Amino acid sequence: MNAILRDFVQSFLAFLERVGLLVRFALRLAVILPSALMRPRPIIEQVYNTGAMSLVIIMTCGLFIGMVLGMQGYDLLTRFGSEEYLGTATAVSLLRELGPVVTALLFAGRAGTALAAELGLMRATDQIAAMEIMAVDPMRRVVLPRFLGGVIAMPLLVSIFIVVGLFGAQLVGVELFGVDSGSFWSQMRSSVELGDIREGLVKGVVFGVACSLIAVYEGYNAMPTAEGVGRATTRTVVISAVVTLILDYILTALML
Amino acid sequence: MRSTRAIDISTGLFVLLGFAAILFMVTQITNRGFSLRSDSYRLLAAFENIGGLKPGAPVSMAGVTIGRVEDIQYDMKLYKAIVTMRISDKYRAIPNDSDASIYTAGLLGGQYIGLTPGGSDVPYKDGEQVIMANDAIVLENLISKYLFNSAATKSGESAAAAAPAAQE
Numbered sequence: 001m002n003a004i005l006r007d008f009v010q011s012f013l014a015f016l017e018r019v020g021l022l023v024r025f026a027l028r029l030a031v032i033l034p035s036a037l038m039r040p041r042p043i044i045e046q047v048y049n050t051g052a053m054s055l056v057i058i059m060t061c062g063l064f065i066g067m068v069l070g071m072q073g074y075d076l077l078t079r080f081g082s083e084e085y086l087g088t089a090t091a092v093s094l095l096r097e098l099g100p101v102v103t104a105l106l107f108a109g110r111a112g113t114a115l116a117a118e119l120g121l122m123r124a125t126d127q128i129a130a131m132e133i134m135a136v137d138p139m140r141r142v143v144l145p146r147f148l149g150g151v152i153a154m155p156l157l158v159s160i161f162i163v164v165g166l167f168g169a170q171l172v173g174v175e176l177f178g179v180d181s182g183s184f185w186s187q188m189r190s191s192v193e194l195g196d197i198r199e200g201l202v203k204g205v206v207f208g209v210a211c212s213l214i215a216v217y218e219g220y221n222a223m224p225t226a227e228g229v230g231r232a233t234t235r236t237v238v239i240s241a242v243v244t245l246i247l248d249y250i251l252t253a254l255m256l
Numbered sequence: 001m002r003s004t005r006a007i008d009i010s011t012g013l014f015v016l017l018g019f020a021a022i023l024f025m026v027t028q029i030t031n032r033g034f035s036l037r038s039d040s041y042r043l044l045a046a047f048e049n050i051g052g053l054k055p056g057a058p059v060s061m062a063g064v065t066i067g068r069v070e071d072i073q074y075d076m077k078l079y080k081a082i083v084t085m086r087i088s089d090k091y092r093a094i095p096n097d098s099d100a101s102i103y104t105a106g107l108l109g110g111q112y113i114g115l116t117p118g119g120s121d122v123p124y125k126d127g128e129q130v131i132m133a134n135d136a137i138v139l140e141n142l143i144s145k146y147l148f149n150s151a152a153t154k155s156g157e158s159a160a161a162a163a164p165a166a167q168e
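Chains as they are written, first to last, in our numbering: chain R, 1 to 256; chain P, 1 to 168.
For reference, chain P alone in the conformation it holds in the complex (with noise of 0.2 Å):
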């Protein structure tokens, strides 16, 4: 039998062991909680369209993921979503005249951004806004275009046939 004071600090580690577990659970495996990394910066971007995007999809350069979607908001000024990125501070010398997409990972996978560098030797600052953003491509948009436009020219042709009927 071991003495007492040795079963109270295994039982005593056990138990913080058990409790750091469920914390760690709570905090970092869901959204609720905060990242332990912060060695990192923001940019924010301006987007008319979002489409799917969400918090924590990656950023990248060149395919390489450098950062987080850290939080959208919309603006009811400029009437656009503003996103912003959290991007790891290994990557600070982006040049400040890069602009950001968004584009979809696959035929079905998420979204992410990507941006593009430019040529300019002065790299964004913390919490600066990227000069250009461009939309993401919505499906729906894509094909209601095409529906609309197929049927403009189907209509007009029947009503170019049917004018002459009509003068007769």
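Just chain R, with the same shape it has in the complex (with noise of 0.2 Å):
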């Protein structure tokens, strides 16, 4: 009994411990993130790796959120004879939740285990190590500028998942179960507000500093070992899955 207790304790001690140093890393990021920005190279070359290379995963599951969207969507409101507010339902629903969460979630499975494999590589390599006897600041150099890259990306992510979305659900509510393509965008658009764009693109961004500072923090300070390696990505999708789905509670209460 006395033994599970002590368990317990250490492994919450061990979260803190956790925790405190990813706040440590935030700040240290936070910190140099002035200098970095002179420098836009390697950022833009960041978000090429975490952004433009996202754009063929985001854009399918896009089109199909979209597309079951409006199937189930048209589902549901025709029991109500009221399939002329699909274009509103379909929106709403993508523009608060299902744009910024599934971004978010595919964008960690996507970028942030291609960026914690590669920083923990660089660590088991020992490329860091090398780094920082050149007197090079691996923080400044290299994940920095994936951080950035990641966080610059996130928004716009969502914005090209929730526009690929609406055109799915009028593919399928329009084309296919020939609901009124006039006031499919009419109802929609009287209905939409400033504010759920707002919405959509704030979680954007709260999510994409989430994922993306999980991922470099991940990777960074992998074990350097190739089971450390795999650890720190699988690591980093669990908890940025999880954190994505916290943040997503706290900021839709905030903002509703």
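Hints are supplied without guarantee of correctness; some may be wrong.
Quick list of simulated restraints, FRET-style, between CB atoms [what the hints assert, rightly or not]:
| hint | chain 1 | residue 1 | chain 2 | residue 2 | range |
| --- | --- | --- | --- | --- | --- |
| 1 | P | Lys90 | R | Val242 | 50 to 56 Å |
| 2 | R | Glu193 | P | Asp135 | 53 to 59 Å |
| 3 | R | Val242 | P | Tyr74 | 49 to 55 Å |
| 4 | P | Leu23 | R | Pro224 | 57 to 63 Å |
| 5 | R | Met38 | P | Asp8 | 15 to 21 Å |
Over the 12 Å line for every Cβ pair with chain R, so calculated as not near, a few chain P residues [to be verified]:
| hint | residue |
| --- | --- |
| 6 | Pro123 |
| 7 | Phe148 |
| 8 | Thr153 |
Per the computed footprint, the stretches of chain R lying under chain P, defined by three or more beta-carbons under 8 Å from a beta-carbon of chain P, are [stated by the list, open to error]:
| hint | segment |
| --- | --- |
| 9 | 37–51 |
| 10 | 161–171 |
| 11 | 176–188 |
Source of the hints: derived by calculation from the structure; they are not laboratory data.
Since the structure is predicted, the reported quantities are computational estimates derived from the model, not experimental observations.
Beta carbons are placed, not taken as given, at the ideal position from N, Cα and C, and that holds for glycine.
Could you fit the two chains together into a complex? Lean on the hints.
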């Protein structure tokens, strides 16, 4: 009994330590942020790596999420004889929730793991130690551009996801089930507000910060072994997903 | 590793795509923006009471949506609501003695304008006013009319019953 309690306390302390280390890591990034903005070249490369390379998976998933929303929404709304609200229903659910959350989960799976594995491998093959020996700050040179690339790419990915999703919903609702195209768009226009778009974009930025931070932290602090790199990528996906969903609840509560 | 030029081009494409998506959301999903389609013409109608009609509501003929309500203004001279409808160019030939009525879609649905064709050979022109406009049926008015009527008949009966008693 005593041993169980001690185990519990130990793991709780370890958790607190991780949180503290993460905050310290984030603060170090924030301190060197202005100097890194002076050199946009590596940041652009990372926007390419995290953003442009995720475009295909984001667009594919957005299209299918939108098509499913169109189908489910149509089936539900016809029960009330109000299928002209299909546009509103899909737009609001995509803008506020599905767009940012699903994009963040896909981002963690596609870009986050890539970042963590890359940094972890650099750590395992002593490239980071080599940089330190050459008096190059690896945080500034390697970590920060990757973090910023993710932060910049995420809201753009969210917007693209939402727009592609809307066209998916329109494809199923209007072209397949014959909802009037005019009422689909005009009902959407009359009931969607700028606040809905703002909510989606704010969530995109926050999730972008969270997911990129977790990815670079886990990769940078990976154990320098093959197993350590594997664990870092796994942890990136798991922690990013959990943190995204918790943050989503908090942000929704704040903005409703 | 791809050349830096290729990376720059695809990054630029990605960022442009992202901003285009944001622009699309702001202008096309909300009512703040402009409509992409402009091949249409306007019709005006003056209503005493538009009920719950809102901009964006459909304008239909025989149940087929032919346009949208673009704008609703209150006219201080006529004391009427001036509704601007935007009708698709496909439906150019609406007789110029057609009338407009406000209907409710379903029991709780939104309100829309229905046009009933007249017999004239001359079509409405762009910006012309519909000759006859039938108002929305406001549920509260109906209910209050019914309540007051029944109250009036009831009090009439009781007054009639009280009158002989007072005479005695």
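ask   = At the C-beta level, are Val242/R and Tyr74/P separated by a distance inside 49 to 55 Å?
value = holds, 54 Å
Outcome for the supplied range 53 to 59 Å, where the beta carbon pair is Glu193/R and Asp135/P = Once the Cβ atoms are compared, 29 Å apart, the range 53 to 59 Å for Asp135/P and Glu193/R is violated.
query = Is the Cβ of Pro123/P more than 12 Å away from each Cβ in chain R?
reply = At roughly 21 Å from the nearest Cβ of chain R, Pro123/P sits farther out than 12 Å, so the non-interface label holds.
task = Can you let me know if the beta-carbon spacing of Leu23/P and Pro224/R is within 57 to 63 Å?
result = For Pro224/R against Leu23/P, whose Cβ atoms are near 46 Å apart, the range 57 to 63 Å is violated.
inquiry  = Between the segment 176–188 of chain R and chain P, are there enough contacts, at least three residues with CB-CB distance under 8 Å, for the coverage claim to hold?
reply    = holds (count 7)
query = Hey, does Phe148/P actually stay past 12 Å from chain R on C-beta?
reply = Phe148/P is indeed farther than 12 Å from all Cβ atoms of chain R, at 33 Å.
key: Cβ distance range 15 to 21 Å for Met38/R and Asp8/P, holds or violated   = Check passed, 18 Å falls within 15 to 21 Å.
ask   = Does the Cβ distance between Lys90/P and Val242/R fall inside 50 to 56 Å?
value = At roughly 53 Å between Cβ atoms, Val242/R and Lys90/P fall inside 50 to 56 Å, so the hint holds.
Beyond 12 Å from every chain R Cβ - status for Thr153/P = holds, 37 Å
inquiry  = Can you confirm whether chain P covers the segment 37–51 of chain R, using C-beta to C-beta distances below 8 Å and requiring at least three such residues?
reply    = With 5 residues closer than 8 Å to chain P, the segment 37–51 of chain R meets the three-residue bar; holds.
Verdict on chain P covering the segment 161–171 of chain R, where coverage means 3 or more residues with a C-beta closer than 8 Å = holds (count 3)
Violated hints, listed in ascending order, are 2 and 4; each of the other numbered hints is respected by the structure.
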